[in-house]
Amino acid sequence: MTKLKFLPLLFILIISCKTDKKDDSPKETVEKETSDEWIVLFDGESTEGWRAYNGEELPPGWIAKDGALTFDTELGLEQDYTGGKDIIYGAEEFENFELYLEWKLPEGGNSGIFYHLKEGYGGPPEVAPEYQLIDDENYAKIHDLTEYNKSLGYTEKPEELKPLQQTASDYAMHAADASKKILHPVGEWNATKIVFTPEKVEHWLNGQMVLSFVPWSEDWYERKNSDKWKNSKDYGKYKTGYIGLQDHSSPIWFRNIKIKKL
45 MTKLKFLPLL FILIISCKTD KKDDSPKETV EKETSDEWIV LFDGESTEGW RAYNGEELPP
105 GWIAKDGALT FDTELGLEQD YTGGKDIIYG AEEFENFELY LEWKLPEGGN SGIFYHLKEG
165 YGGPPEVAPE YQLIDDENYA KIHDLTEYNK SLGYTEKPEE LKPLQQTASD YAMHAADASK
225 KILHPVGEWN ATKIVFTPEK VEHWLNGQMV LSFVPWSEDW YERKNSDKWK NSKDYGKYKT
285 GYIGLQDHSS PIWFRNIKIK KL
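Following the numbering used here, the numbering of the sequence shown begins with 45 at its first residue and continues without gaps.
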């Protein structure tokens, strides 16, 4: 008889526990989803939002293929390069952000990631900072860099790829720390992250921060005015702009492209 008296109370407790557990799950899921504020720029299938720099449609060669945003072309030589068909994510401009993407290059490949990019110029390098992507190991073996490097004032070993020109560097501005770089071999995927705030810019490569600098600082202006960009008055001045990807006469593959506003 005593056991029977406690059965209704036990039943109520069981129902109450189940109800509480069921109510908690949706709340946890919603909180997790709202905290993840990534904007997907490429979903592996659609090229929606992407178009030519200074154009309205994607240039020939840029396609979605096998889950990657690809520039499908034959490798061209550096000494023959006269400009490419760079593209932008034209649906929205970004100010402070964390950008993540994965990429791979062929042997001798070259590309780059631009940000704070504005249109109306001859090309993205005139105005936008660039996270460099290149085959550090083989590029100088395949391409003739001598004339280009001499034009930049590199008189000692101009045939070599310089630190400011290597992967994960802020191209021609800040060199990535070679001792921290983990660069996967050509043909394999690498992961890049760029974090931009007015206080500090970070370049990450395969999980390692390989470079940080302060934009628009005294040091930044000294670098800008003493090297490649000294005659490019608008280089790096914009505080908001498009994300861009470079065609440098090289096949290139990008995937998992996403950005978070900061």
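Please keep in mind that the hints were generated in silico from the structure rather than gathered at the bench. Please read all numbers here as calculations on a predicted model, not as lab measurements. Note that the Cβ used here is the ideal one computed from N, Cα and C, for glycine as well. Please note that a few of the clues may not be correct.
[What the hints assert, rightly or not] Here are the simulated SDA-like cross-link-like pairs (lysine to any residue), alpha carbons at most 25 Å apart as the crow flies:
id, residue 1, residue 2
1, Lys237, Ala219
2, Lys148, Gly164
3, Lys277, Pro295
4, Lys162, Lys201
5, Lys129, Thr91
6, Lys109, Gln123
7, Lys302, Asp124
8, Lys304, Asn182
9, Lys281, Gly251
10, Lys185, Lys201
11, Lys109, Trp233
12, Lys281, Arg299
13, Lys272, Glu136
14, Lys162, Ala219
15, Lys162, Lys185
16, Lys206, Gly251
17, Lys305, Lys201
[To be verified] Restraint-style ranges between C-beta atoms, simulated for each label pair:
id, residue 1, residue 2, range
18, Glu146, Ser195, 19 to 25 Å
19, Thr190, Glu151, 19 to 25 Å
20, Thr126, Asn275, 15 to 21 Å
21, Thr126, Thr241, 17 to 23 Å
22, Lys281, Asp110, 37 to 43 Å
23, Gln123, Pro242, 27 to 33 Å
24, Lys194, Lys281, 38 to 44 Å
Would you list, in rising numerical order, the hints stated earlier that this structure does not obey? Those not satisfied are hints 2, 3, 4, 6, 7, 8, 9, 12, 13, 15, 17, 18, 21, 23 and 24.
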